[in-house]
Amino acid sequence: NAGVTQTPKFQVLKTGQSMTLQCAQDMNHEYMSWYRQDPGMGLRLIHYSVGAGITDQGEVPNGYNVSRSTTEDFPLRLLSAAPSQTSVYFCASTTGWASNEKLFFGSGTQLSVL
Amino acid sequence: AQTVTQSQPEMSVQEAETVTLSCTYDTSESDYYLFWYKQPPSRQMILVIRQEAYKQQNATENRFSVNFQKAAKSFSLKISDSQLGDAAMYFCAYLYSGGGADGLTFGKGTHLIIQP
Chain L
245 NAGVTQTPKF
255 QVLKTGQSMT
265 LQCAQDMNHE
275 YMSWYRQDPG
285 MGLRLIHYSV
295 GAGITDQGEV
305 PNGYNVSRST
315 TEDFPLRLLS
325 AAPSQTSVYF
335 CASTTGWASN
345 EKLFFGSGTQ
355 LSVL
Chain S
9 AQTVTQSQPE
19 MSVQEAETVT
29 LSCTYDTSES
39 DYYLFWYKQP
49 PSRQMILVIR
59 QEAYKQQNAT
69 ENRFSVNFQK
79 AAKSFSLKIS
89 DSQLGDAAMY
99 FCAYLYSGGG
109 ADGLTFGKGT
119 HLIIQP
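One line per chain: the protein sequences are L and S, in this order. In terms of my numbering, the first sequence opens at residue 245 and continues consecutively. In terms of my numbering, the second sequence opens at residue 9 and continues consecutively.
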């Protein structure tokens, strides 16, 4: 059972380039989400999805696109990277928030935009 | 909007001693969850402990326990018998139980140093 898998682990981009951060989970979780973590900050929600075909914005969605064509995958797209998007990105998933449920995190992607 | 405040950017404790990390939050809701996450240098986010707001009993997980004061909106984490492996960033987080889709709101974290 792999859990939540994020690729790549590290990425360097030039300003204006585009890329997709991949996230896949094999736990049949309906809820998936993307967070970013900046130095001295906690994690902040970018986008989330409550099921295939359903996505919505979180706290800091500008500059990012998402889609959810399957239950397993939830990619995050940067259409035109900016230095302000330099951050560590985490994907997370869960079945829900009932008692004893928890959010499973991927190992993160460290992104640098030059 | 809800906010989570961790007022201690860094804490230091001697190995085997007890340390308490502070967290306060602001919400107008009555039903919610609170969490403490540990983030070691490996960057992995590890759930330490979880508290449901409707439960008056404080959650406990082995050496980790919380002091949940709902009226004061306070949720501190106590680590007993500190070990070198406890050294990490610790994040307090809030989740409104009525929706959940909004995701967790995190504090800025406390860097815990364990002195051997």
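I should point out that these hints are in silico values taken from the structure, not numbers from a laboratory. A hint or two may mislead.
[As the list claims (entries may be wrong)] DSS-like cross-link-like pairs, simulated, lysine-lysine; straight-line CA separation at most 30 Å: (1) S:78 x L:258; (2) L:346 x S:63; (3) S:78 x L:346; (4) S:63 x S:116; (5) S:63 x L:258.
Just so it is clear, the structure is predicted and the values come from calculations on it, not from any experiment.
Any hints from earlier that this structure breaks? Give me their numbers in increasing order, please.
1 and 5
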